Structures are given as structure tokens and as C-alpha cells.
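Chemist: Since the structure of chain G is already known, use the hints to place chain R on it.
Chains G and R supply the protein sequences, listed in that same order.
The first sequence: position 326 = 326 (UniProt numbering), numbered continuously.
The second sequence: position 116 = 116 (UniProt numbering), numbered continuously.
A hint or two may mislead.
Said to hold, decoys possible - So, partial list: chain R residues that the calculated Cβ filter (under 10 Å) puts toward chain G:
| no. | residue |
| --- | --- |
| 1 | P15 |
| 2 | R17 |
| 3 | V49 |
| 4 | F74 |
| 5 | F78 |
| 6 | P79 |
| 7 | W129 |
| 8 | L162 |
What the hints assert, rightly or not - For lysine to aspartate or glutamate, the following DMTMM-like pairs were computed, each having C-alpha atoms within a straight-line distance of at most 25 Å:
| no. | chain 1 | residue 1 | chain 2 | residue 2 |
| --- | --- | --- | --- | --- |
| 9 | R | K125 | R | E82 |
| 10 | R | K83 | G | D164 |
| 11 | R | K127 | R | E85 |
| 12 | R | K41 | G | D202 |
| 13 | R | K125 | R | E80 |
| 14 | G | K389 | R | E85 |
| 15 | R | K83 | R | D16 |
| 16 | G | K389 | R | D56 |
| 17 | G | K252 | G | D202 |
| 18 | G | K288 | G | D246 |
| 19 | R | K41 | R | D56 |
| 20 | G | K252 | G | E291 |
| 21 | R | K41 | G | D164 |
| 22 | G | K252 | G | E292 |
Source of the hints: derived by calculation from the structure; they are not laboratory data.
Since we're looking at a predicted model, the values are computed, not measured.
Built from N, CA and C at the ideal position, the CB exists for glycine as well.
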Amino acid sequence: MSTFEFLLQGLMSAAQPMNLLYALIGVTLGTAVGVLPGIGPALTVALLLPVTYRLDPTGSLIMFAGIYYGGMYGGSTTSILLNTPGESASIVTALEGNKMARNGRGGPALATAAIGSFVAGLIATLLLAFIAPYIVRLALVFGPREYFALMVLAFVTVSSAFGDSTLRGLTSLFIGLSFSIVGIDQLTGQNRLSFGIPDLLDGIEVTTMAVAMFAIGETLFIAAQGDKGPDKVEAVKGSVWMNAQDWARSWKAWLRGTAIGFPIGAMPAGGAEIGTFLSYATEKRLTKHPEEFGNGAIEGVAGPEAANNASAAGTLVPLLTLGLPTTATAAIMLAGFQQYGLQPGPLLFATNPQLVWGLIASLLIANLMLLVLNLPLVGLWVKLLTIPKPWLYAGILLFATLGTIGANPSVFELGMLLTFGLLGYVMRVFGYPIAPVVVGLILGPLAEQQLRRALAISQGDVTVLFTSPIAAVLLVLAALALVVPLILRARGRGEVLSQMAASED
Amino acid sequence: MSLDNNKTTAEQRRPDRAALAIAAVLVAIAAVIFVDVSRLKGMAGYSQVGPATIPDWIGFALIGLAIWTVVAAFRRDFPEREKQELGPVVWIVAGLAAQMLLLRLAGFSIATGVLFGLTAAGFGKRKLWITIPVGIVLCLVIWLIFAGMLQLSLPAGPLERLFW
Chain G
1 MSTFEFLLQG LMSAAQPMNL LYALIGVTLG TAVGVLPGIG PALTVALLLP
51 VTYRLDPTGS LIMFAGIYYG GMYGGSTTSI LLNTPGESAS IVTALEGNKM
101 ARNGRGGPAL ATAAIGSFVA GLIATLLLAF IAPYIVRLAL VFGPREYFAL
151 MVLAFVTVSS AFGDSTLRGL TSLFIGLSFS IVGIDQLTGQ NRLSFGIPDL
201 LDGIEVTTMA VAMFAIGETL FIAAQGDKGP DKVEAVKGSV WMNAQDWARS
251 WKAWLRGTAI GFPIGAMPAG GAEIGTFLSY ATEKRLTKHP EEFGNGAIEG
301 VAGPEAANNA SAAGTLVPLL TLGLPTTATA AIMLAGFQQY GLQPGPLLFA
351 TNPQLVWGLI ASLLIANLML LVLNLPLVGL WVKLLTIPKP WLYAGILLFA
401 TLGTIGANPS VFELGMLLTF GLLGYVMRVF GYPIAPVVVG LILGPLAEQQ
451 LRRALAISQG DVTVLFTSPI AAVLLVLAAL ALVVPLILRA RGRGEVLSQM
501 AASED
Chain R
1 MSLDNNKTTA EQRRPDRAAL AIAAVLVAIA AVIFVDVSRL KGMAGYSQVG
51 PATIPDWIGF ALIGLAIWTV VAAFRRDFPE REKQELGPVV WIVAGLAAQM
101 LLLRLAGFSI ATGVLFGLTA AGFGKRKLWI TIPVGIVLCL VIWLIFAGML
151 QLSLPAGPLE RLFW
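Chain R with its partners taken away, still in its complex shape:
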């Protein structure tokens, strides 16, 4: 029992690593802001207020928040995180990436149909030979409605050119 207790207190004292990483990201964003606006410093004019003023303020605030996050990390103030399954996330991100790369080449329907199939796979429907064709047909119908009737500029590919 007492051993167990020691273990939990030791665990409590170790800082929350993910929170430290978040603090580092905040500092990085602040650094990017400082570096980028430093070239605008001469623009302030006589009122001392220019395009660099507000970005600087935001940068300082981010650094302040980073320090606060570090304190919270050491006090383990962050809420418990639920276990995340990364498999489905990878499927969906792959789908979005595939759509991005295919859009110009294959047109809206095929690219978005692939996204549709891979997202469904992320939620457990792995039969891509069914879901991707279903997605492509659905997207084609949507393309005809939105590009045809509502005149949104959705990129056309070989499939769309058959109809328009």
C-alpha cells in the first residue's frame, strides 16, 4: 500500500511532458512573429505605433502563456487525456492528403470520392472497393448540383467532362 502511494506521488511530481511541448510551440510561434515583424520596426512613424506593434504584444502574451503552461505542467494541472487511437486518424489524414494531391489531376469527384472511402475506412468500413465508388458517384451528383446549378467553381476532371 505504502509503496503504491509513493509511486503515485512520484508520478505526480514528474512534469506533464505534452504540456511542456505545448509551451515550446507557443514560444516558437512568438519567435516566428518577432523575427518576421522585426523588419517592419522602422515603419512606426512618430506615434510609435506601426505594423509591428500589435504582433509584438501578441508575441509577449504568447511567451507569458508559455510560462504559465510550464507552471501548469509542473503542477500537473492539465486534465486527464483519454487514450487516442491513431489508426483511424492516419486513415482520415491520408484521405485528406490524397484529395489534396488528386484534385488538380483527377477532378473533384474522384479526389473527393477517395477522401470519402478513406474516411469511412477510418470509422471501420474497410471495404474500399465499395466505399470509394459510392463516394465517387455521390461526389459526381454533388458536382452536377453545385458546379452546374449553383455555379461553384469545383475543378473538373475526366469524369466531370463526360457530363459537362
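So that you can see chain G by itself, here it is in the shape it has in the complex:
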């Protein structure tokens, strides 16, 4: 069957009334949670994962798709109206969008973000559908060493290529990897680092770790900043509709943002931020209204928002075809698959095509629902932003622990939640990134299996990892991704230091 037929079949399955209902619940919950300040898509997905525990895999993944896209929509609303982006990928949106809102043009800013996200989501999801089969075919020739090299590349890009310190990124990654070896070794059945505690034999739950690190760590960190006065929510004045000029200035930015965002998301390079920054820089260079940049230029919202959504759809390419999560959100989605015993990858396309294509089709449906749902309901989401902090964070912790208790009602699990929450807090204080811990935890066991298989075939000869051309290229890329930023940072740092020295006079 061709891609088109598969997609059509997927649409039929996603359009069944029950599945439509799941998608609707997913997008509503996703937007509602994503709109809360300080909650990014990764945490949205982690918090809402338990809601889907009792559904069948198809329904659950459809709801999940809705939550994922909804969380991103919600995040952009927050950054436009509140100027405290819940996720790093929305920083650029906040830059111009918040200025627009302050100038009383919050409505068009939200509209261009929503429509731009829709356009980007639509194109990127279609691209995902048409590219995926080719990557699956490619992936089928991958052996253990190629997979291992691919995972090394993902490790490096997630932890150290971006962010502000190679050292801290790598440290986060290896903390995650250390946690990942807890429990029974999948190849020999030996238990490692479980210290005789039965709860640890199954390893550390990715969702517990993610919720603790993101929800509890973040809550503790915000509480420890003390009371800095309420954040100012910009009211949405005037019409939410865009005028002819807004449309004329937006549509090219949407398409350019999509073209920039999708490839970046689809490469095992992770991170939607780079796409949004690149798109912002592009729009700034191409605009006919350079004076508006910094004061609320609509292209500066349209392009990065489109790039953000396109790369979010792009991250599903390595996740679905190779089983390779390249962002924290994707890592938690992988955990969502694993709770049903499904391992995304080329085999899933062969063994369970209805499920994969149903998921891709429901992304399209969720995207359309969000557009219809969000423009009229924006007033309601704005209300959510005005919840006072004590109630807001009390509620966040309630839901965070609800998920953990629902998955495993044990005191030990809550103890782990508290411990990892404190770890997440300390890591934030010292500027360590959180995402590499989560990615290391979930990808660690997979990488170990592939590595040990490769080494077992070669009888312990490590050079075998470099003798396959594909693996060698991937490892060289990983090495470059590690070394180049290190050099750039050393240089950038020098400049910053000399500037500081100069300004001290």
C-alpha cells in the first residue's frame, strides 16, 4: 500500500466518534495545562500521561497526540500574554508577541501564532507521513553499531551542543545514564544498582523522573525565588482577527518558518529552540519593516511559531521511525509507547501500521481542532493565566503526585518523586539542564543493548564501531557536535569577558 492509502486508512480510524472524542479531550487538556505559566510541553505530556493509562493503545496515543500539540499551542498563548515563556522554544515568540500585546495587538499576535502553528503543523505532519516510510526502509539496514552511533549523536546534541555549558550538559546526561542502569539487566537478567530493593528491580520510571524533575524541581525553584510580585497579564484588547496587512505579512513567514523548523526537528539533533531562533533571524533580515522588530513585528511571531510547531512534528520522525527521542517531550512520549509494550521504530510500521498511521492522522485532526477551539476560547485560557501562584502551584503538585500515585500507589515511588524533585531543584540552581537526564534515562538502556550486541558480535573489539561507513559518519558528526560548540563557547566567552573588563572602567 502506498503512503497515501495508509494515511487515508489512518484518517478513517482517527475519525471514528470515540477517537474524535479522545482527540478533543487531549487537545483541551493539553491547551489548558500548557497555558499555565511555567509548564512546557514536556511537563504537560508527563502530567497527563496517567490520564491515558486505562485507555486502549490507539485511543491513548490519539489523546496523546492532542495533548502534545495542545501543550504547544497553550505555551505560545502564555508567552504572548505573560512574557514568561513556559518553554525555551517560546522565548522568541515572547520577544515580539508580548510587545504586540502591550501595544494592544494581542489579538492578531495570538491569531498569527495559532494560524501559523496550524499551517506549519499541517505541512510538517504531511511531510512526516511521506518521509517516514523512506527512513523506515533505511533503518531496516541499520545494525546494532549504526543504532548505537545514532544514539551517541542524539546524546551529544541533546546534552552539549546547545545550552550554555558542555560540562554541565554532559554531567546531566551521565547522571541520567547512571540512573538508567538501575534494575535488571535486559540481556543477562542480573540486577544492578538495586541494592536489594524490589521497587528498583524494574528500573526507575521515566514518568516519575520527568514529573519530579520538571514539576517538583520547577515548583521548588520558583518558590525559592521569593515573592517578586505578580506577573502582568496583558489583556486581549480589540479584535482577535488579523487585517489584510497582517495576513500579507504573515503567510510567507509561516512557510519560511515551516521550511526551517521541520528539518531541524527531523534530524537527530533535538531542540526546537534553534529553529525558532533561525526563523527569527531570517524574518528580521527579510522584513520590509525593520523598525518594528523589537517593538512587536508580526513576522517575528508568525515565523518562529511556525518553526516551533514544524520542528515539534519533525521530532516525531526519528521518534516513530527509529525509536529515537531527541527532546524531553519525545522521551516522555516514548515512555507512553512503552507502557503498552510498543517500541517505536521500523518494526512498528510493519507490525502495527494501523496504530502508527492512526497516530499521524490524529495529529492532523488535533491540529484542526486546535485552530477551531483556540481562537474563540482564548478568553478562557487568559483566565487560567490569572490564577494566583499559591493555588496554581498547589494544583500543579496535586496533579504531579496524582500521576505517580495513579501509576504506582507506593510510598517508595513518592519518596523517589521527592528525591528527584530535590535533585531537579539543585540542578536548576547550579544551571544544569534537565532534558539530558530524562533522555539519558530512557535512551540509556536502548543504547547499552545495541552497544553490547555490536561488541558481542565482534567479540569485544571496539574498533568495529567505526568500521561501518554509516556508523563512522554518525560518530564523526557526534564528535563535531561536541567539539565545535566547545570552541565557539571558548571564543564567545573570551569576547564577553573582555567586554566586561572594558565596562568596569
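Modeler: Here is chain R on its own, set in the frame of chain G:
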């Protein structure tokens, strides 16, 4: 002026103690890994690759990162830390601990209601006689939805048994 300058350079030369502590923690994790997997060394088989191989690699990497952290600590490469207020952190940690201890005894609603109240206290709403009851009622509603309709296994206590 010159005195001031001397002071700042002296401060710059002193290593970042917190960073040294982080390095020590990394070494400790590596040590735990080495000790724990040492009993699996015989399992490697003829390919020399066994359950202890990767943990050993991770342990060595952690030690390498610890050394790098020490270097960074002496060069004071760590970013400036903002002042942390520990009061709110203690409130919230107390809330999580209370929930953990109460969960089996008092059930989901009461335990999580206490967490709710103590978290709100951490953010400045100290009226526990209002926030804890509000939290308990909210949690009871959530319990009815999630345990009743979505069949999540949330522990029941005296309050929940009144309804189910």
C-alpha cells in the same frame, strides 16, 4: 579603589565550593557503580562484554566529569547563582513528605489535601485552616473522577469510603 580590586581578585581565586561538592557527588556515584557491578565481573563471557561493562564506562565518564568540574570550580566557570530562599522550599518538601507518610493511613484526599495546603503556604498563603480543607475537597472531587470514572488505583481512606 586598589584595595577593592585586590579583594575581588582574591575572591576570584578561591575555588567555587559548591562546584567542588558537585564533583565529590559525581565521584561518589561512580564509586557506588564500581562497587555494585564488581560482583558481576565474572559474567562477561568470552566476548569480554557483560552487564558490568557499560556501568564501568559510565563510572569512568563520571570521574572524568568530576575532574573537569574541579577545574571549572578553580577557574570559577560556574554561573552566578541567585539567592535562594529556603523557607518556601522547606514548606513544600514538608508537604510532599506529609503526603508520602499519610497516603496509606488517611487515603488520597486527606494526604494530598495536606500537600496542597503546605504548597500554598510555601507560596505565601499561610492560612492552613482554609487551604487544607479546600485542598481536601478538591482532591476528593478528583478522586471521584479519576478513581471512579478512569479507574486509576488511588488509595482510599476514611473519607473516600463514605462515597464508594
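Chemist: If you check each hint against the structure, which ones fail?
Modeler: Numbers 1, 2, 4, 7, 8, 13, 16, 17, 21 - these are the hints that the structure violates, sorted from lowest upward.
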